[in-house]
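Enquirer: Here the protein sequences come in this chain order: A and B.
Note that my numbering has the first sequence beginning at 1, numbered continuously upward.
Note that my numbering has the second sequence beginning at 1, numbered continuously upward.
You may find that some hints are simply not true.
To be verified - Not the full set, but computed from the structure, chain A residues with beta-carbon under 8 angstroms of chain B:
| no. | residue |
| --- | --- |
| 1 | Gly340 |
| 2 | Val344 |
| 3 | Val347 |
Said to hold, decoys possible - Derived DEER-like restraints, expressed as beta-carbon distance ranges:
| no. | chain 1 | residue 1 | chain 2 | residue 2 | range |
| --- | --- | --- | --- | --- | --- |
| 4 | B | Leu172 | A | Ala164 | 27 to 37 angstroms |
| 5 | A | Pro63 | B | Ala308 | 51 to 61 angstroms |
| 6 | B | Arg130 | A | Ile341 | 15 to 25 angstroms |
| 7 | A | Ala47 | B | Asn211 | 23 to 33 angstroms |
| 8 | B | Tyr309 | A | Gly226 | 35 to 45 angstroms |
| 9 | A | Ser265 | B | Lys60 | 51 to 61 angstroms |
| 10 | A | Phe169 | B | Asn211 | 55 to 65 angstroms |
| 11 | A | Asp313 | B | Thr55 | 30 to 40 angstroms |
| 12 | B | Ile17 | A | Ile341 | 41 to 51 angstroms |
Please keep in mind that the hints were generated in silico from the structure rather than gathered at the bench.
Given the structure is predicted, the values throughout are model-derived calculations rather than measurements.
Backbone N, C-alpha and C define an ideal beta-carbon position, used for all residues, glycine too.
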Amino acid sequence: MAQRTESEFTLDTAAELAAGESAATIRGRSPWYLAWRRLRRNYFAFAALALFVLIVVVCILAPLYAHHVAHSGPNDEHVVGTVSVHGHPQDIVSQGGNISTKTGKPCAFGETTCKLVPSIPIGPQWGAAGGKYVLGADVLGRDIAVRLLYGGRNSLLVGIGSSAICVFFAVLLALAAGYFGGWIDFAITRFFDLFYAFPVVLLGIALGSALAINGFHHFGINVESGSLWIPLLVISYVLIPYVGRPLRGQVLSLREKEFVEASISQGASPVRVMFSELLPNITSSVLVFFTLIIANNIVLEAALSFLGAGVQDPTPSWGKLIAQGQQLIVTRPALALAPGISIVLTVLALNIFGDGLRDALDPRAKVRVEH
Amino acid sequence: MLTFLARRLVGALLVCIVVTFIVFVIFIVVPGGDPAQRIAGKNATPQLIENIRHTWGFDKPFYDQYWVMLKKMFSGDLVSYTSQQNVVSQIVQGMPATFSLTIGAGIIWLFFGIVVGVVSAVKAGRTSDRLITVLALIGISMPVFWLGIVCRYYFAEGGVAFIFPDGEYVGLTQNPFQWFWHLFLPWIVLAVLFIGFYGRVLRGNILDTINEDYVRTAKAKGLPPRRILRKHVLRTSLIPVITLFGLDFASVLGGGAILTETVFDLHGVGQYAAQSINNFDLPPIMGVTMYGAFFITIFSVIVDLFYAYLDPRIRPT
Chain A
1 MAQRTESEFT LDTAAELAAG ESAATIRGRS PWYLAWRRLR RNYFAFAALA LFVLIVVVCI
61 LAPLYAHHVA HSGPNDEHVV GTVSVHGHPQ DIVSQGGNIS TKTGKPCAFG ETTCKLVPSI
121 PIGPQWGAAG GKYVLGADVL GRDIAVRLLY GGRNSLLVGI GSSAICVFFA VLLALAAGYF
181 GGWIDFAITR FFDLFYAFPV VLLGIALGSA LAINGFHHFG INVESGSLWI PLLVISYVLI
241 PYVGRPLRGQ VLSLREKEFV EASISQGASP VRVMFSELLP NITSSVLVFF TLIIANNIVL
301 EAALSFLGAG VQDPTPSWGK LIAQGQQLIV TRPALALAPG ISIVLTVLAL NIFGDGLRDA
361 LDPRAKVRVE H
Chain B
1 MLTFLARRLV GALLVCIVVT FIVFVIFIVV PGGDPAQRIA GKNATPQLIE NIRHTWGFDK
61 PFYDQYWVML KKMFSGDLVS YTSQQNVVSQ IVQGMPATFS LTIGAGIIWL FFGIVVGVVS
121 AVKAGRTSDR LITVLALIGI SMPVFWLGIV CRYYFAEGGV AFIFPDGEYV GLTQNPFQWF
181 WHLFLPWIVL AVLFIGFYGR VLRGNILDTI NEDYVRTAKA KGLPPRRILR KHVLRTSLIP
241 VITLFGLDFA SVLGGGAILT ETVFDLHGVG QYAAQSINNF DLPPIMGVTM YGAFFITIFS
301 VIVDLFYAYL DPRIRPT
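Model the full structure from these sequences, guided by the hints.
Expert: Here it is as structure tokens:
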């Protein structure tokens with residue numbers, strides 16, 4: 001095509017240019033495809049997704065590891081017993097005593113910085129014990145590596161499950177509030193406001209520890225006290241307002257758009273308008289929220305379990321493992337470090353991927369300024 | 001203006017009362033925590049339990065019990081079930097630690113949050129921006145209690161050194177230097193999460209504002225970039241950050257620092273709440289929730305007023 005100077009552009013130029021190109025080269029692309037293309041270029045976000053998937057897969061494979069490598073279940077106790085390290089038997093849990101907080105070894109005479117420790121489990125063996133006690137044991141002689149993987153399963157299950165439930169109800173409430181307005185909107189926003197006045201952790205532990213004693217047996221729902229459902233439901237419940245409020249705002253502004261008016265004037269039922277007109281338009285936000293809420297919920301689960309209001313003994317979870325590891329941190333820091341690092345990696349991966357997803361789905365977000 | 005204020009304050013009071021009601025219902029509906037049994041102790045005779053139930057009023061209908069509890073809370077003689085200590089005085093005792101922790105950490109996180117946000121926005125897209133973004137994300141991804149445990153172990157319990165004292169709180173009037181030294185680690189630990197979060201929010205806001213027409217006008221008039229950033233960009237971009245700060249500050253002040261206080265043994269209001277919840281002790285939990293809801297609602301009113309002051313377009317009518 002001949003080079004045009006700027007003055008030659010007229011109102012019809014675009015049409016002329018389009019006519020010059022073959023129809024195949026300007027094929028229409030769906031917004032999802034465009035978003036996918038943008039996401040594909042973001043290698044950083046992709047690496048994060050890969051890391052998250054890797055962590056999930058490794059945790060799912062926990063039983064294989066427990067059975068074939070560590071030869072010990074997550075709750076198998078070995079208080080009395082030995083393990084062969086390089087062919088030499090070694091106590092899994094040895095007698096405690098006064099331990100120097102500086103060196104982690106028995107206290108020397110005259111040393112002032114000592115701490116009385118009841119018993120000392122075996123430390124990280126890496127490969128030395130033939131796959132057993134790779135990260136060491138806890139006071140009851142349970143294999144920490146096995147518990148870490150099983151704990152990851154529970155933490156991820158609670159994190160992902162609670163996010164799904166939370167986002168589901170938040171979307172329903174946001175759609176109802178935004179579509180109907182009036183007193184329904186009033187009631188729902190007041191409900192959101194009310195829970196904003198609670199510190200999340202405080203409400204979470206109040207609910208979690210209240211339910212931890214006897215479980216929940218009302219309205220035909222029976223949940224036993226040690227069940228994973230308790231932290232899962234508590235976490236999803238306390239976060240509904242934090243997802244619902246911003247989504248309601250979006251629905252409210254979409255509600256005024258012409259396409260909604262058109263749909264209503266064509267006689268579409270409220271359910272139809274809500275689910276096939278409004279919902280598709282907030283899906284991208286919902287997806288981003290879902291990713292970021294998983295990250296948030298994994299941390300919240302850890303916090304609740306740490307305070308004794310989440311996952312209950314003997315079930316492992318990353319937060320529970322940190323709480324148990326804290327008591328032995330002077331002699332065996334790995335016990336608290338390993339689950340913490342697992343949380344940081346998982347949550348970091350989710351946050352990075354969530355950011356990438358948001359940038360890809362909403363190109364107008366000017367956060368993505370490139371030079 | 002005055003009616004707006006009055007309406008908000010009445011609303012705040014209502015929210016506080018409803019919040020305590022919810023807590024009450026949670027602990028009454030959920031079975032297993034018979035308070036009479038708790039007060040009587042392990043080897044109580046059924047007669048003793050019955051007496052306690054009567055004198056404390058546990059045999060009354062639950063709305064009656066709630067009313068009595070609310071009255072006691074406002075008159076200041078609410079008493080714990082397990083330790084029988086006065087709840088209000090316990091909360092007042094915990095307040096210096098919680099306030100010191102929150103105010104110190106608040107100053108740190110607001111200052112560094114703004115620095116991080118401004119630097120990464122000014123350098124947007126460059127390596128330093130990427131680096132700061134990743135660091136901020138790592139800060140956000142760390143569970144605060146884990147960071148606390150690890151920092152306490154490495155810097156106060158001899159993992160690396162004994163630089164800081166090992167937990168506990170020392171009053172400001174008692175020994176200002178020890179006060180500062182004891183709170184240094186908790187401040188940093190609590191602030192890390194918020195620094196990352198505020199930095200990211202501010203970065204996004206600044207990048208949004210930079211594209212506004214009035215910023216272009218300022219540039220076209222030949223104002224120095226620093227002045228544009230300070231007077232034109234930051235003034236708008238900081239509004240959402242200040243809102244966030246008000247709400248977060250209130251929630252931490254109102255017992256939201258449960259984890260940091262517990263990890264560092266600061267004996268603040270948050271730790272009191274955590275202990276009471278573990279003991280299933282209803283009155284202190286009611287007291288702390290009321291106290292927390294009070295700060296959160298009051299600060300949300302303050303934030304609204306501040307907002308109106310900064311942005312004339314949203315003056316309440």
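Enquirer: Take the hints in turn and mark each one as holding or not.
Expert: Verification of the supplied hints:
no.	hint	result
1	Gly340	holds, 4 angstroms
2	Val344	holds, 5 angstroms
3	Val347	holds, 4 angstroms
4	B:Leu172 to A:Ala164: 27 to 37 angstroms	violated, 47 angstroms
5	A:Pro63 to B:Ala308: 51 to 61 angstroms	holds, 59 angstroms
6	B:Arg130 to A:Ile341: 15 to 25 angstroms	holds, 22 angstroms
7	A:Ala47 to B:Asn211: 23 to 33 angstroms	holds, 30 angstroms
8	B:Tyr309 to A:Gly226: 35 to 45 angstroms	violated, 52 angstroms
9	A:Ser265 to B:Lys60: 51 to 61 angstroms	holds, 57 angstroms
10	A:Phe169 to B:Asn211: 55 to 65 angstroms	violated, 36 angstroms
11	A:Asp313 to B:Thr55: 30 to 40 angstroms	holds, 36 angstroms
12	B:Ile17 to A:Ile341: 41 to 51 angstroms	holds, 44 angstroms
Checked against the numbered hints given earlier, this structure breaks hints 4, 8 and 10; the rest are met.
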